[in-house]
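Trainee: Now for the letters of each chain:
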Amino acid sequence: MDIQFKKVSYIYQPNTPFSHQALHEIDLTIKSGEFIAIVGHTGSGKSTLLQHLNGLIYPATGEVRIGEYVLNDENRKQDLKELRQKVGLVFQYPEHQLFEETVEKDIAFGPRNFGVPDKLIDQRIKQVIEEVGLNEEILSKSPFELSGGQMRRVAIAGILAAMPEVLVLDEPTAGLDPYGQQQMMALFYRLHKERKLTTILVTHKMEDAFTYADRIVVLEKGNKILEGTPVDIFRDRRFLHNVRLELPEILLFLEKFNDTFPFTIEYKGQTVEEIAVEIDQKLKEIKGQ
Amino acid sequence: MKSWLVIGQYVPGHSVLHRLDPRTKLLMIFTYVIIVFFANNTLSYGLLAIFAIWTIFLSKLSLTYILKGITPIWFFIIFSFLIHLFFTNDGDIIWQLSGLKIYSGGLVKGLTISLRFLLLIMVTSLLTLTTSPMEITDALENLLSPLQKWKFPVHELALMLSISLRFIPTLMDELDKISKAQASRGVDLRTGSLKSRMYAVIPLLVPLFISAFRRAEDLAMAMEARGYRGGEGRTKLRQLSYSWLDFQAVVIYIFIMIIFFMLRN
Amino acid sequence: MTIIEFRDVYFRYNEEQNWVLRNISFSVNAGDSIAIIGHNGSGKSTVAKLINGLLVPQAGDILIDGERVTEQNIWEVRQKAGMVFQNPENQFVGTTVRDDIAFGLENRGIPREEMIKRIERSLNEVGMQDFALHEAHYLSGGQKQRVAIASVMAIQPEVLILDEATSMLDPVGRNEIIKTIQHLKDERNITFLTITHDLSEVTLADRTLVLKEGKLVTDTTPRELFAQVNDWESLGLTEPFTTKIANELEKYGYKFSSHPLNHEELMNELWTYNLKK
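Chains as they are written, first to last, in UniProt numbering: chain A, 1 to 289; chain B, 1 to 265; chain C, 1 to 277.
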């Protein structure tokens, strides 16, 4: 399912003293199967943008096309069930939306709303609970007696159980410890590959954007200021300094390294191991001279 | 959240009305609300209406913004107008269609009742629009403080009120977030039978309550850590003081009230 | 001088549950800056709550400024050890910034004139002087946490405890807090206790305590810690970048005289190593 934003603007509380424009004529195309990261600070408009993907809000001007669906100011009264089934939204702190007595019932909630037959739901529950790395024993427990990390996985399982084609993640690692964050991102990346999902990661962490995304979009004050592959973004990094977004540590290191030593190491998306090899080679070259 | 709704909303500003002591405003509006029921002819109603419009002018807020902002109330105003219009059998018949008769008394009663209602809503909205919730709380605590002699927990009540007011925007945001999260899980609050819509509220309320309890627990701990142990021995930063402006306002207000009682028959 | 001392402290929430903390003993000198790290559920927040009497240990003693924490002196203890919590929203008691800072002062019966002075001073210290009349709702997470720090500083404590105070903030907010704390360290001679998952915050401390499943497993300097630990994941952390790249380079025969804590140190070591040979 391709997604397209055409000159999308959005205004909160229009025609009041509190009116505030959150998006300014955003153009954006997301291809089916892509992993895209939308990066920006709090207030950059990234959360507003993601709510359009589920028809939770409609553009004030411009339009959003998601597969067959067209969202614009004129067609506000359409049935969005199918859209919401196909686009799974993982909100920030998704564990806060749990409410059922058991984990099983909570996971079944979404698919049931979308009219999935009970038999199929049971099958899916078994599948998704494994996919998120939890044990089946957990199904009969109350979601509220689990640890924070487990609760989040249950909430994610509930969204996966609707079998979405697009997965939208809003700061999915917030509040976890660093190792938990790494595991959570690895989980989403695995899902992205195995289920061939279109994945849209909304985050303020450049580190994750550079590690996982095919393409990065940078928002600032409701405007799209940069768009491209991680390598493109690194090349245009001077724009990032203006908006106080920090590069991933590996790139900060490379920048400093290139300033300190009389040679440069180009960024091509290397791992730490590969960088170490290059440093070693360059240093040896210099010593040879 | 309905963004155009002005009921309970506070719009910061520096108008005369904003600068008045909240106690002055509270007392004036309290008496106004009572006095509205004493109006009994065109002149006295007219004076009250002019007073209301004049204060809105003084608040530097737009009249249309306020009138639009009380939209849900319009429904009640029009409804009560129609009820009185059709069900009062007083005075002359001024209009007739088959069995339906409209009496002049009904028209007058309908008009006065809805005008009364409109004035009440306008003036009380004006209080909340120009006075921060905190000032209202302070004013209440101050005005009620004599009750402390009879062991009435004025401080606790005021603290409770100010904390609830402080957390209303937070919980509204929270509710908005939860309802969006559940909407994207397929909850539909707009269509379906009344019963199914009632059930659809559970996935919103359970998370909201859990969140509110968690916040309350955190807040209690933070308050304790910062040395809170009840009202005894506490000093206060916020102090209310009447100014020359309040004196002028009260004089004008009393003057208008005297005219009002002279205009009544 | 010792400001905080734990002597064989045990704690659990109730008898059915496992011990959250077992046999914890350590002491902190006045003016030191301590980081406490550990995985989620390791008991690190519990340590913080025990210090200012929000929780009471089942066994062992906790001494603040040489005095045992008891029911009787709990209010004096809280005056000495102030605490900033994780969630910026849930510790903002007042409606405006000024009211929030006043709350702690009002509780202690500070006269109004003194209150005004202290509010001004602590707002300046955290760089929030222009926001005195702002309401909580209109502040960013980082600004709210700075207000929370100012609220504690206004009480003039001897110890400032930050219980994962940056974990719910975005990078901008986190930097604001780290800068604020650095500024306070220069200005005031107080003891800092930071509970964190952020290794860059750890490198700023004089000493690190590592908790694992309720036990104190390491008590050392950040540099020693970075050199020692090889299983970061069991602490809920990931290997720091500098450590990772230093370890990789060591495979190719590079040596580091002391474990590098940041990019500059790593680069300097590479320079010297490169020039020497």
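Check each hint, because a few of them may be wrong.
[As the list claims (entries may be wrong)] Derived DSSO-like pairs: lysine-lysine, alpha-carbon spacing no greater than 30 Å straight-line:
1) A:Lys-119 <-> A:Lys-7
2) A:Lys-268 <-> C:Lys-185
3) A:Lys-77 <-> B:Lys-60
4) B:Lys-177 <-> A:Lys-81
5) B:Lys-180 <-> A:Lys-7
6) A:Lys-126 <-> B:Lys-177
7) B:Lys-177 <-> A:Lys-31
8) A:Lys-81 <-> A:Lys-196
9) B:Lys-180 <-> A:Lys-86
10) A:Lys-126 <-> B:Lys-180
11) C:Lys-185 <-> A:Lys-284
12) B:Lys-180 <-> A:Lys-193
13) A:Lys-119 <-> B:Lys-195
14) A:Lys-287 <-> C:Lys-251
15) A:Lys-126 <-> C:Lys-255
16) C:Lys-215 <-> A:Lys-256
17) C:Lys-185 <-> A:Lys-256
18) A:Lys-141 <-> B:Lys-177
19) A:Lys-119 <-> A:Lys-105
20) C:Lys-251 <-> A:Lys-268
Source of the hints: derived by calculation from the structure; they are not laboratory data.
It should be emphasised that the depicted structure is a prediction, and the values quoted were computed from it without experimental measurement.
Trainee: Now tell me if each hint is right for this structure.
Mentor: Hint check:
{"no.": "1", "hint": "A:Lys-119 <-> A:Lys-7", "result": "43 Å, violated"}
{"no.": "2", "hint": "A:Lys-268 <-> C:Lys-185", "result": "40 Å, violated"}
{"no.": "3", "hint": "A:Lys-77 <-> B:Lys-60", "result": "37 Å, violated"}
{"no.": "4", "hint": "B:Lys-177 <-> A:Lys-81", "result": "18 Å, holds"}
{"no.": "5", "hint": "B:Lys-180 <-> A:Lys-7", "result": "24 Å, holds"}
{"no.": "6", "hint": "A:Lys-126 <-> B:Lys-177", "result": "28 Å, holds"}
{"no.": "7", "hint": "B:Lys-177 <-> A:Lys-31", "result": "28 Å, holds"}
{"no.": "8", "hint": "A:Lys-81 <-> A:Lys-196", "result": "22 Å, holds"}
{"no.": "9", "hint": "B:Lys-180 <-> A:Lys-86", "result": "16 Å, holds"}
{"no.": "10", "hint": "A:Lys-126 <-> B:Lys-180", "result": "26 Å, holds"}
{"no.": "11", "hint": "C:Lys-185 <-> A:Lys-284", "result": "43 Å, violated"}
{"no.": "12", "hint": "B:Lys-180 <-> A:Lys-193", "result": "27 Å, holds"}
{"no.": "13", "hint": "A:Lys-119 <-> B:Lys-195", "result": "25 Å, holds"}
{"no.": "14", "hint": "A:Lys-287 <-> C:Lys-251", "result": "18 Å, holds"}
{"no.": "15", "hint": "A:Lys-126 <-> C:Lys-255", "result": "51 Å, violated"}
{"no.": "16", "hint": "C:Lys-215 <-> A:Lys-256", "result": "39 Å, violated"}
{"no.": "17", "hint": "C:Lys-185 <-> A:Lys-256", "result": "28 Å, holds"}
{"no.": "18", "hint": "A:Lys-141 <-> B:Lys-177", "result": "25 Å, holds"}
{"no.": "19", "hint": "A:Lys-119 <-> A:Lys-105", "result": "14 Å, holds"}
{"no.": "20", "hint": "C:Lys-251 <-> A:Lys-268", "result": "23 Å, holds"}
In this structure, the earlier hints numbered 1, 2, 3, 11, 15, 16 are contradicted, and the remaining ones agree with it.
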